[in-house]
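*Asks:* Here the structure of chain X is known, so what remains is to put chain D in place on it, guided by the hints.
Same order as they appear, the protein sequences are chains X and D.
Here the first sequence is numbered in the working numbering, starting from 1 and rising by one per residue.
Here the second sequence is numbered in the working numbering, starting from 1 and rising by one per residue.
There could be a bad hint or two in this list.
Straight-line distance between alpha carbons at most 25 Å, and here's what the computed SDA-like set of lysine to any residue pairs gives [what the hints assert, rightly or not]:
| id | chain 1 | residue 1 | chain 2 | residue 2 |
| --- | --- | --- | --- | --- |
| 1 | X | K68 | D | A51 |
| 2 | X | K5 | D | L45 |
| 3 | X | K37 | D | V97 |
| 4 | D | K70 | D | S84 |
| 5 | X | K37 | D | K70 |
| 6 | X | K5 | D | S84 |
| 7 | X | K5 | D | A51 |
Just so you know, the hints here were simulated from the structure itself, not pulled from any lab data.
Chain by chain, the residues:
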Amino acid sequence: DQQVKQNSPSLSVQEGRISILNCDYTNSMFDYFLWYKKYPAEGPTFLISISSIKDKNEDGRFTVFLNKSAKHLSLHIVPSQPGDSAVYFCAASGLGGGSYIPTFGRGTSLIVHP
Amino acid sequence: DAGITQSPRYKITETGRQVTLMCHQTWSHSYMFWYRQDLGHGLRLIYYSAAADITDKGEVPDGYVVSRSKTENFPLTLESATRSQTSVYFCASSAGVNQPQHFGDGTRLSIL
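If we strip away everything but chain X, and leave its shape as in the complex, we get:
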């Protein structure tokens, strides 16, 4: 059973608008969450992370929000640019319960139209 779910396989947005990518998790022992970005023919690259002691973390155009009670996190990209078109993976890990190895979602393919 999937512990980290990205229920939208794809998302299409217009350049300049906001992109919101969602991720849900089921394991309450997860306390560290990451987003990775992947271009075709390349490996994933780390984008931004958040620990469970925070509910928001910002890095330039990228903001991750964490709602622990709902076991939900989201990545906001504002404003979206064509170069943001990639597959985005959500990952989660936790030091408790043997879940310290990151578990990945299946990814969301973001397409930003000029």
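*Replies:* What follows is chain D alone, placed relative to chain X:
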């Protein structure tokens, strides 16, 4: 150059053959990982290693063997390749738990 490199980038082989995918990192990271990426499945963990000579199974370990005699290398071997092992394989490393992973550019493996 510092980083994580995988070789080969592309490999075609036949069922029943043994094939080894190489992974080398220059950061002296403790943790190393092998994933496979398949359509509809995202990244699935095959094996991981917390340090030299310590390895453990991930989600999909069957048919694979790993070793880690040196901190910087983490080869993945398919002892008798099957068509279901056709995939893109990614190696990654991290400095510790709850630390971001650094990925190689992948090996695209086709088994005929």
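*Asks:* List, from low to high, the hint numbers that the structure doesn't satisfy.
*Replies:* Numbers 1, 4, 5, 7 - these are the hints that the structure violates, sorted from lowest upward.
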